[in-house]
Amino acid sequence: MRTEIRIGGFGGQGILMCGIIIAKAASLYDHKFAVQTQSYGPEARGGASRTEVVISDQEVDYPKVDSPEIFVAMSHEAFLKYVDDVKDGAILITDPDLVDENEIIDIINKKNFKYYTSDATKQAQDTLGLKIVANIVMLGSFVKATGLISEESARKAILESVPPGTEEKNIKAFELGMDVVKKAN
Amino acid sequence: MTKEVFVQGNEACALGAIAAGCRFFAGYPITPSTEIAEIMSKKLPTVGGRFVQMEDEIAAVGAIIGASWGGQKVVTATSGPGFSLMQENIGYAAITETPIVIINMQRGSPSTGQPTRSAQADMMQTRWGSHGDYETISLAPSSVQECFDYTVEAFNLAEKYRCPVFVMADEIVGHMREKITIPDKIDITPRQMPEKCENYLPYDAPENSTTPMPSFASGFNIHVTGLTHDERGYPSTDDPDVHSKLVTRLCNKILKNRSDIAQIDTKYIDDAEIIVLGYGIPSRSALTAVKKARDSGLKVGYIKLGVVWPFAEELLLEYTKNAKRIIVPELNLGQVYLEVDRVLGKNAKVELVSKIGGALITPDEILDKIMEE
Amino acid sequence: MIENEHPHKFIKYLRTERLPHLFCPGCGNGIIFNTLFNAIEMSDVDFENISMVSGIGCSSRIPGYVKCDSLHTTHGRAIAFATGLKMANSKQDVIVVTGDGDATSIGGNHLIHAARRNIDLTVICVNNDIYGMTGGQISPTSPKGSYATTAPYGSTDKPFNIAEVAKAAGASYVAKYTVAQPIQVSNAIKEGLANKGFSLIEVIAQCPTYYGRKNKLKTPKAMIDWFKENTISLKQAEDMTDEELEGKIITGVYINKPRAEFIESLDAISAQNSDITPEDNINKAYMGD
Chain A
108 MRTEIRIGGF
118 GGQGILMCGI
128 IIAKAASLYD
138 HKFAVQTQSY
148 GPEARGGASR
158 TEVVISDQEV
168 DYPKVDSPEI
178 FVAMSHEAFL
188 KYVDDVKDGA
198 ILITDPDLVD
208 ENEIIDIINK
218 KNFKYYTSDA
228 TKQAQDTLGL
238 KIVANIVMLG
248 SFVKATGLIS
258 EESARKAILE
268 SVPPGTEEKN
278 IKAFELGMDV
288 VKKAN
Chain B
99 MTKEVFVQGN
109 EACALGAIAA
119 GCRFFAGYPI
129 TPSTEIAEIM
139 SKKLPTVGGR
149 FVQMEDEIAA
159 VGAIIGASWG
169 GQKVVTATSG
179 PGFSLMQENI
189 GYAAITETPI
199 VIINMQRGSP
209 STGQPTRSAQ
219 ADMMQTRWGS
229 HGDYETISLA
239 PSSVQECFDY
249 TVEAFNLAEK
259 YRCPVFVMAD
269 EIVGHMREKI
279 TIPDKIDITP
289 RQMPEKCENY
299 LPYDAPENST
309 TPMPSFASGF
319 NIHVTGLTHD
329 ERGYPSTDDP
339 DVHSKLVTRL
349 CNKILKNRSD
359 IAQIDTKYID
369 DAEIIVLGYG
379 IPSRSALTAV
389 KKARDSGLKV
399 GYIKLGVVWP
409 FAEELLLEYT
419 KNAKRIIVPE
429 LNLGQVYLEV
439 DRVLGKNAKV
449 ELVSKIGGAL
459 ITPDEILDKI
469 MEE
Chain C
5 MIENEHPHKF
15 IKYLRTERLP
25 HLFCPGCGNG
35 IIFNTLFNAI
45 EMSDVDFENI
55 SMVSGIGCSS
65 RIPGYVKCDS
75 LHTTHGRAIA
85 FATGLKMANS
95 KQDVIVVTGD
105 GDATSIGGNH
115 LIHAARRNID
125 LTVICVNNDI
135 YGMTGGQISP
145 TSPKGSYATT
155 APYGSTDKPF
165 NIAEVAKAAG
175 ASYVAKYTVA
185 QPIQVSNAIK
195 EGLANKGFSL
205 IEVIAQCPTY
215 YGRKNKLKTP
225 KAMIDWFKEN
235 TISLKQAEDM
245 TDEELEGKII
255 TGVYINKPRA
265 EFIESLDAIS
275 AQNSDITPED
285 NINKAYMGD
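Protein chains in written order, with this note's numbering: chain A, 108 to 292; chain B, 99 to 471; chain C, 5 to 293.
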């Protein structure tokens, strides 16, 4: 089984780190195969940026994501820019404070997305007082909504990836994300 | 103990270099290979190595050649514009038989082109980008694991054949992250110090071969020059026989050993009527396409060249002898395709699947070509 | 090989099997050989520990005649090669021999950056104000108004003072003399070898074959007389106007100010990060693990 994941947002949100942790958890700890790629260059600074992950039970030959089954959108611009080739019936997770539901509900319905929301940025700011961990809150929501990587592997991958001294905050952010994600359709 | 890590292609190249015994890096920043320099600058001082950021890529290759004669295994990393500047001293390394490894994370070109997009458009430049007749070795990794493995292999080949060896990756492989396995024990080829003797001749090499290479400051008092030189290493620029013997040997030590240097992966070729023959990152699209074609009952095979140059003519003629069509996917307008057509075109129809602009060739684009006819 | 009842005292340093050399009669490179060997004998440096590097040009052929490890590289790049050679094994003494075109035209960038790093190299820049190997073309140091095959109407440019360039770029030892001052040249090379850092000794040398013929100084003597007439000291130059200085050869020690050496600075960082030192890794390429 091959699953394609796309995470979009804007520069500085930690989208890339989120993708790396997912791929790391899948390959190093769930013992699946995973490839992580990303957009580079001027595009990655300001404006919409994205990272993509392929996870599979078998070796990943073609490494790129062409029609994701999972789409995480952490900005409105990224949603609009990267939604076109997302598969019909895909899982969509948005941060509702950053992606205006009213404007995208038609697309969600038309593409039959399984729609989840996680107010990751607000939770990171209000509950943890640290906006910078919004990406890890979203990671928790991703794990809960998709079940694609195990919770245990995600925790290990977080601990291995975040800067020393921030482990506790990040694990809290992860747990918070597991709690706050909601099915929205 | 065998170790598993999740890293970028660029990082895997750096780890491979250090694992192969490399303790010297000289380079110049350039997208998309800069991470290699960054990682080497961090790691080399932790293993008793030395790093220098040179003033340009001409100097970078000069410095690694100097360090190679100083007794080190050496590497630099670059991309197209830097690779162009390096060509001058690559020729020097070829004629002086200096082992050096150059990693090229290819990007859209010519000139400054597309710094953050993938291409395989330096494949002819890597073969003959410097002036003159010479042969070198080019490997093409298609995965992060191969970035590690082929970099190690590049160092071993550089020592065995005493020539520049190129790791011709691309932006996608360089920036992609995958899990790699770093084995506990890595086979590395140490350099051989010659025996000290009266009338030592540093360039007295057998036909189609090379000689052990002494390091400077080891008491050999050798002369190394980019001029045509005799067995003593001394300039001899007017005697046609000296030049012919030297340059023929430089080429033949690679060409006559191409079956030994070759690294070829094959799948489903025994009964294949159509073979997709690729190298580097598009060969991963090719494998997906070939599997899909097999699923629909087509007799399609897969060949991946780990070593592109020297071109393994004899082995490839053997592997493709029953094929009617050979499809070559490349991220350029047709470069290695020309060589495939020259060597295999007499027996099979050789077709190109070309893509430039930065995106990877998709499996469906190769499948469409398979389905033609 | 030339048999001689009374061999020159420095013949032991030469690859006699390569003689006769290719330099023209009256070339200044003969004095360079003498001053170099004299400097080595005066210095604490062991001849056996010397590796030489050169680029392309007449003076760059000097190391090929010296019985030590010698790397005759590409045009302008000698200092870049020498940087790698020295970094690979910093225990060896590395001497670069280069010319005015090699060091300051095609190789100008390498010169200034090596000086900036203050890497421990001793660079002897033999400045004959012309491209000799290719037959007499104009060089970045050719005096204004001098003639060359590519300056048939005379040079219009302000020439480089190589010693000033090296000093400004950060070299810790710089001296400049003419071949008419062999004692000073030897002393300067000796001081350059002793300096732990980037040392440049610029030696103005005659090229009667091309510079002389093009500029009415056809004999070696005429050229050396011309050097003598135009040589002034740094001290004398202090009180002279730009007009008075035009065409003058300003000799002396431009700077002798030791500062932190490049490789030593790198190794200090290494020592904080590892127990393995670069000295443990000398000739690492030959080790199997």
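Hints are supplied without guarantee of correctness; some may be wrong.
Claimed, not checked - Taking lysine-lysine and the DSS-like style, the derived pairs with C-alpha atoms no more than 30 Å apart in a straight line are:
#1 B/Lys419 - B/Lys365
#2 C/Lys13 - B/Lys294
#3 A/Lys263 - B/Lys354
No lab work stands behind these hints: they were computed from the structure.
To see whether the hints hold, each was checked on the structure:
no. : hint                : verdict
1   : B/Lys419 - B/Lys365 : holds (15 Å)
2   : C/Lys13 - B/Lys294  : holds (27 Å)
3   : A/Lys263 - B/Lys354 : violated (51 Å)
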